[in-house]
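Student: Given next are the chains, with one letter for each unit.
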Amino acid sequence: MTTYIVRRLLLFIPTILIVTIIIFLLMWIVPGDTAMLILTGNDPNEGGRVSLEDVERLRAKLGLDRPVHIQYADWLWDMLRGDLGESLWYQTPVIDELGGRFVTTVQLAVMGMGLAFIIAVPLGIISAVKQDTKLDYISRIVALLGIAMPTFLIAIVVTYVLAYVFDWLPPLDYANLWEQPLTNLQQMVFPALAIAFHDLAFTARVTRSSMLETMRDDYVRTARAKGLTEMGVIGRHALKNALLPIITVSGYQFGRLLGGVVIVEVIFLVPGIGNMLIDAIIHRDFVVIQAVVVLVAAVVMFLNLVIDLIYGVLDPRIRYQ
Amino acid sequence: MKRRRKTTPSALILITISLTLVFLIACGGAATAPAPESDTSAAPASAAAGSQSAPTAAPSGSSSQASQPTAAAAAAQPAASSGSSAAAAEPTPTVQPVEVQAPETDWVTRGKHGRTMKWVARNNPGFWDVHYGASLTTTLTPSGPRFNQLVEYNPVNPEEIIGDLAESWDVSEDGTVYTFYLAEANWTDGQPVKASDIVYSLDRITLPDAFRGRTNSLRNFYEHKTAEVIDERTVRMPIKFPAATFMVNLASDYMKMYPEHVAGQLTQEDANCCPENMIGSGPFIFKDGSWQKQEAYEYVRNDDYFKAPRPYFDGFKVFLIQDVARAIATLKVGQADGTYYPVLSTYTEFVEQLEHDTDGRMRALFMENVQRAGLNFNWLVEPYDDPRVRTALWMVIDQEEIVEKILRGNGTVGTHFHVGFAPNESVEALYELPGYRRDADGAKAQADLDEARRLLAEAGYPEGFSGTITSILTGCTATSAQLVKDIWKRELNLEMTIESSDVATLYAKWRSNDYGVIVGCGSGIILPDPSDILNQWYGLDTMRNSGNWTTTEFEALKAAQAKELDPDKRKELFSQMVELLRDEVPHYLPTGWMHAGGTLDYRIRNYHVPRTIQMIHKLDHMWWDEDAEKPPIGTGYQP
Amino acid sequence: MATRDITAEGGSPARNVLLGIPAAYRSTVDLARRKPLGAVGGAIALILIFVAIASRLAILPVPDPYASVGDIFLSPSPEYPMGTDVIGRDILSRVLYGTWISLYVGLGSVLIGITAGFVLGITSTYAGGFVDLAFQRVVDALMSIPGLILALSIMAVLGSSLNNVILAIVIGMLAPVIRTVRSQVLTLKEMDYVTAARAIGARPQRIVFRHIMPNCLAIYIIMATYYLGFAIIIEASLSFLGVGAPPDEPSWGGILTVASRETPETGIWLLVFPGIFIFIAVLAFNVLGDALRDVLDPRLRGR
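Residue numbers (the working numbering), protein chains in the order written: chain A, 20 to 340; chain B, 3 to 641; chain C, 2 to 304.
No lab work stands behind these hints, which were simulated from the structure alone. Please read these numbers as outputs of a predicted model, since none were measured by experiment. Even for Gly, the Cβ is constructed at its ideal location relative to N, Cα and C. It cannot be assumed that every hint is accurate.
Every beta carbon over 12 angstroms from chain B, so not counted as near; a handful from chain C, in silico [said to hold, decoys possible]:
| id | residue |
| --- | --- |
| 1 | Val30 |
| 2 | Arg57 |
| 3 | Ala59 |
| 4 | Glu80 |
| 5 | Pro82 |
| 6 | Ala128 |
| 7 | Gly129 |
| 8 | Glu191 |
| 9 | Met192 |
| 10 | Val195 |
| 11 | Ala203 |
| 12 | Pro205 |
| 13 | His212 |
| 14 | Pro215 |
| 15 | Leu218 |
Example chain C residues on the side facing chain B (calculated, C-beta under 7 angstroms, incomplete) [as the list claims (entries may be wrong)]:
| id | residue |
| --- | --- |
| 16 | Ser69 |
| 17 | Pro247 |
| 18 | Asp249 |
| 19 | Thr264 |
Using the sequences plus the hints, can you model the full thing?
Tutor: Laid out in structure tokens, this is it:
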């Protein structure tokens with residue numbers, strides 16, 4: 020067990036390194052650089068009289084004219100010393116913002132996943148128990164509604180309905196959960212719903228197939244044979260065992276959400292890392308991009324490890340090598 | 003439940019779809035809105051600063067005993083009256099000179115104090131040093147209200163240049179030495195504003211080898227380190243030559259005055275990064291720690307402002323909302339009092355609808371003809387190196403169609419310089435010219451289309467050619483690229499593909515001349531003087547002219563207009579430039595001039611739409627009047 | 002490793018599904034009878050393919066969906082049943098033609114992405130040892146980079162075109178596909194008949210082609226169906242983020258993006274019609290995928 024954990028943790032290192040190299044290479048070949056954007060204000064219509072000489076001068080000042088491997092080595096060295104660097108665009112330390120934004124995104128993801136879970140698991144159970152009946156079809160269609168629409172469409176429609184039908188929108192000015200919980204919930208519930216709506220299909224599908232599988236297992240058959248009621252069979256035996264893969268898969272899904280709620284954050288004005296990331300990409304601010312990606316990657320990998328461990332504890336059939 | 007009714011899954015899908023449909027339609031509020039009624043709706047709703055007769059500011063000295071600065075006054079004909087909606091209602095610009103209105107001053111005592119305003123803005127702040135910043139939205143809009151200039155455009159009469167920190171000024175006989183007498187003012191840390199601060203700021207703006215985005219034009223007039231302190235409150239500022247546009251530039255909102263004892267301690271990075279690092283003398287004070295990136299920032303009132311009783315607002319908070327639909331929705335439900343800066347192109351096509359949607363609470367306002375649409379040709383590569391090709395491609399474009407479809411009526415046809423500037427440039431006169439002609443039925447003249455085809459054939463492309471239009475994927479840049487592509491295919495048989503990207507990539511291509519045509523839309527003018535066009539589009543080694551298009555004659559005219567003090571003669575020089583540009587076919591060919599739109603609550607009083615987006619950013623003249631009368635819907639914002 | 006992917010379980014031969022026309026016909030009928038929802042999905046998919054081909058052959062109300070034909074933002078009328086768009090093009094024609102674009106992007110990315118994922122996954126698993134270990138780290142790395150970063154950067158590097166959108170989607174889907182394939186192959190390798198084949202001295206290539214590949218086919222089909230819907234959604238999201246297909250391409254996502262930049266008064270028709278098409282298409286492919294999964298995945302084949 021310990022060896023397994025140590026081995027997994029050690030494997031983090033090459034993976035994170037590969038992540039940073041991929042990002043660095045991408046940012047290196049992506050056209051456009053921060054210096055240019057700083058001088059033009061990142062507005063397609065404001066770049067008029069920027070002199071090309073000034074651009075070169077600023078590139079040198081920001082260190083963007085150095086060879087890419089030197090830039091990478093410098094960045095890595097700073098990173099190892101715990102210095103995430105300063106945003107190229109804002110010229111403020113990345114670390115100042117990252118923490119708070121990360122917490123916000125985690126809150127959003129937790130709320131989204133939670134809502135999805137609450138709705139999707141019953142839907143999945145219904146469709147498994149009533150496989151190939153009308154109820155199955157209805158619950159499956161319901162679960163699929165969200166995945167069949169791009170998130171931005173859901174978000175825009177929600178905004179339109181709130182603004183043009185109810186003449187109301189969640190208050191501006193993001194409030195922290197622990198400072199003004201009520202305002203925070205008003206602001207977060209709609210983006211969370213949009214995420215939940217989108218994730219319904221996934222969780223419901225996993226629940227359904229997981230339930231179908233367990234219900235065919237021997238012990239469930241035994242339980243049935245013993246004369247337990249159908250509800251008893253489902254609740255006591257099937258669901259208990261089916262939940263394991265559901266939780267596992269949701270865990271992985273959670274990791275995916277951390278880096279993937281950008282559009283929802285942008286439209287619903289949630290100051291999370293998704294918003295930060297898209298801003299950084301627009302500005303070609305690779306210092307910020309690197310910091311966010313490394314953080315997300317590390318958290319996701321750690322999460323996966325924890326899930327695997329929990330899985331192993333709960334399912335004695337798994338053996339760690 | 004037991005009985006199995008034949009509900010097929012497809013029926014379910016149909017029900018779902020129809021429910022969605024009903025849902026969507028319901029949220030669209032009946033969704034019966036017609037296409038924007040372009041010319042009828044734009045004009046009356048507009049509170050723009052007068053007709054576009056003479057876009058050059060006509061500075062008329064300071065409010066006190068200032069002698070008339072001959073050089074500055076020389077800029078142009080007296081301009082149109084400002085702020086009067088009657089003038090704005092004129093659908094087509096004319097060149098008739100209009101009397102300058104006497105500056106209204108009694109508003110200062112009518113203003114009411116109170117209320118913290120909430121604004122909606124699109125762009126994030128980037129750099130807080132106004133001298134450095136190259137962009138309106140990342141620098142001036144967020145940072146401007148903290149500072150004063152030496153002189154400013156009169157906020158209630160944007161044609162006029164009046165004193166800001168300078169109470170009055172003198173100009174020497176030969177027009178090369180300005181003497182500024184300062185008002186009694188304090189920085190927000192309580193230190194007095196001294197002549198040495200002004201000299202410091204002028205030298206900071208013109209610092210050699212430092213990047214100076216929008217302030218670099220001062221270098222054309224002022225030699226670094228030549229201004230002197232005469233006494234505590236008097237500054238002597240020599241300029242390189244008697245210049246027509248010196249004051250026009252100095253009054254620009256970018257020419258901010260900084261306190262030497264604060265700014266002198268800051269590195270460029272520190273001045274840029276953090277609004278907390280700098281103070282000014284302006285009407286509002288930045289609220290420490292209020293900048294949350296991609297979210298909001300906040301200003302509070304400067305109680306010690308030297309123009310008491312201004313400012314009137316207790317402060318204001320700016321909410322940064324990237325998504326335009328969300329921003330409009332925010333205004334719709336009353337979470338904000340207006341757009342910020344009040345007039346920005348982002349919201350132009352939505353503000354009239356918003357006025358209806360909010361039952362007249364949010365008023366539409368427009369600033370006319372302040373942005374350009376046009377074709378940027380890479381004139382170094384085939385086939386665009388042939389002037390005939392450039393002319394043909396430009397000539398087939400129906401500018402009226404651009405105005406109707408892309409600008410949704412919020413614009414007019416135009417040419418190289420500010421609409422209506424040169425004597426032969428009125429819209430009526432334009433319709434006589436190739437490229438603008440109309441047939442009897444009002445459609446684009448067949449003669450122009452034939453001429454374009456002839457030119458293209460003459461250049462060796464009778465069957466058309468294929469190429470790439472470089473564009474970005476959003477905004478009117480994207481829509482105009484599509485329309486232009488369609489027109490070229492329809493009329494000239496060109497097979498163009500649109501290559502779109504984000505701004506950074508577009509710039510990278512532009513800089514390295516890695517493009518064929520860039521269809522531009524929305525490029526804003528900075529100053530209400532045609533020299534601004536020369537600065538922005540015809541500078542050498544700049545991004546918009548990365549191929550360095552020019553001719554000897556053109557350079558000579560450029561130099562001559564800067565020194566010409568007689569407004570009529572200067573206008574004549576620009577007329578010559580227009581002719582020359584018509585013959586020589588430059589790298590940039592205009593396809594229209596567009597208005598910028600915005601919206602303010604009707605209870606916000608005394609906002610007079612300036613001549614360009616880049617002017618009057620201090621907001622110290624506006625106030626909130628809870629009891630203001632709501633004008634009828636559809637009439638736009640009234641100051 | 003304890004990782005399990007739900008689409009990757011089971012693995013007994015599924016190739017009888019594709020053995021010949023009679024078998025295929027029989028299984029289709031079988032599918033329709035037992036999985037009416039999936040059958041409806043399949044029918045819709047067929048209709049969409051038909052619409053795509055028809056629109057490609059310019060059988061459209063307005064033959065050129067790229068041409069500006071009228072005023073902008075007209076409401077639906079007999080002449081333009083879905084109204085006109087931001088530069089005055091017929092929305093109906095664009096949405097219909099969008100079927101072609103969306104299926105082109107969807108099928109293109111799915112065929113390339115999943116095939117590449119299979120090849121890479123199987124190769125890496127069979128290479129084993131250090132190569133596999135290193136390759137898995139790359140896959141791990143790709144998995145933990147937010148997909149958006151990858152897609153946005155790739156589009157920025159390559160420039161916007163439909164084929165580049167396909168490439169961006171492919172790279173985004175590669176890592177999860179490789180993961181799934183890998184766990185599938187690992188399971189198969191341990192299967193008795195594979196062990197038996199190895200015992201009698203079959204060469205690795207033979208094992209791969211005779212035993213592993215056919216077993217993976219079921220997974221391939223299921224994943225392809227799911228990812229088809231996924232690709233359509235991703236294409237739309239890329240458009241929304243400003244890096245998708247060129248703006249004049251009438252992809253559903255592109256039309257929706259234009260709508261999303263308007264207020265409901267002007268944009269509603271642009272929002273409704275392509276929205277419905279995306280909705281129906283993705284829904285259809287998903288229920289079809291579910292049905293195929295139920296049928297092809299042996300563990301669920303009980304009923």
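Student: So, for every hint listed, does it hold in this structure?
Tutor: Hint check results:
With a minimum CB-CB distance of about 17 angstroms to chain B, Val30 of chain C clears the 12 angstroms threshold, and the non-interface call stands. Residue-level check passed: Arg57 of chain C sits 18 angstroms from the nearest beta carbon of chain B, beyond 12 angstroms. Residue-level check passed: Ala59 of chain C sits 15 angstroms from the nearest beta carbon of chain B, beyond 12 angstroms. Every CB of chain B lies more than 12 angstroms from the CB of Glu80 of chain C, the least distance being 14 angstroms, so the non-interface label holds.
With a least beta-carbon separation of about 14 angstroms from chain B, Pro82 of chain C lies farther than 12 angstroms from that chain, consistent with its non-interface assignment. No beta-carbon of chain B comes within 12 angstroms of the beta-carbon of Ala128 of chain C; the shortest separation is about 37 angstroms. Against chain B, the non-interface label of Gly129 of chain C holds: every CB pair exceeds 12 angstroms, the least being about 41 angstroms. Once the 12 angstroms rule is applied to beta carbons, Glu191 of chain C is consistent with being away from chain B; the minimum gap is 39 angstroms.
Once the 12 angstroms rule is applied to beta carbons, Met192 of chain C is consistent with being away from chain B; the minimum gap is 36 angstroms. Distance check for Val195 of chain C against chain B: the nearest CB is about 39 angstroms away, which clears 12 angstroms, and the non-interface claim stands. Its beta-carbon lying about 45 angstroms from the closest one in chain B, Ala203 of chain C satisfies the requirement of being farther than 12 angstroms from that chain. Consistency note on Pro205 of chain C: stated as away from chain B, and its beta-carbon is indeed over 12 angstroms from all of that chain's, at 45 angstroms minimum.
No Cβ of chain B approaches the Cβ of His212 of chain C within 12 angstroms, the least distance being about 37 angstroms, so the stated non-interface status holds. Non-interface status of Pro215 of chain C relative to chain B is upheld: no Cβ of that chain comes within 12 angstroms, the nearest being about 31 angstroms off. Annotated as non-interface, Leu218 of chain C keeps its C-beta farther than 12 angstroms from every C-beta of chain B; the closest such distance is 27 angstroms. Checking Ser69 of chain C against chain B by beta carbon gives a least distance of about 5 angstroms; that is within 7 angstroms, so the hint holds.
The interface hint given for Pro247 of chain C is met, as the beta carbon of that residue sits about 4 angstroms from the closest beta carbon of chain B, less than 7 angstroms. Look at Asp249 of chain C: its Cβ gets to within about 4 angstroms of chain B, closer than 7 angstroms, so that hint holds up. Among the interface hints, the one on Thr264 of chain C holds; its C-beta lies about 5 angstroms from the nearest C-beta in chain B, closer than the 7 angstroms criterion.
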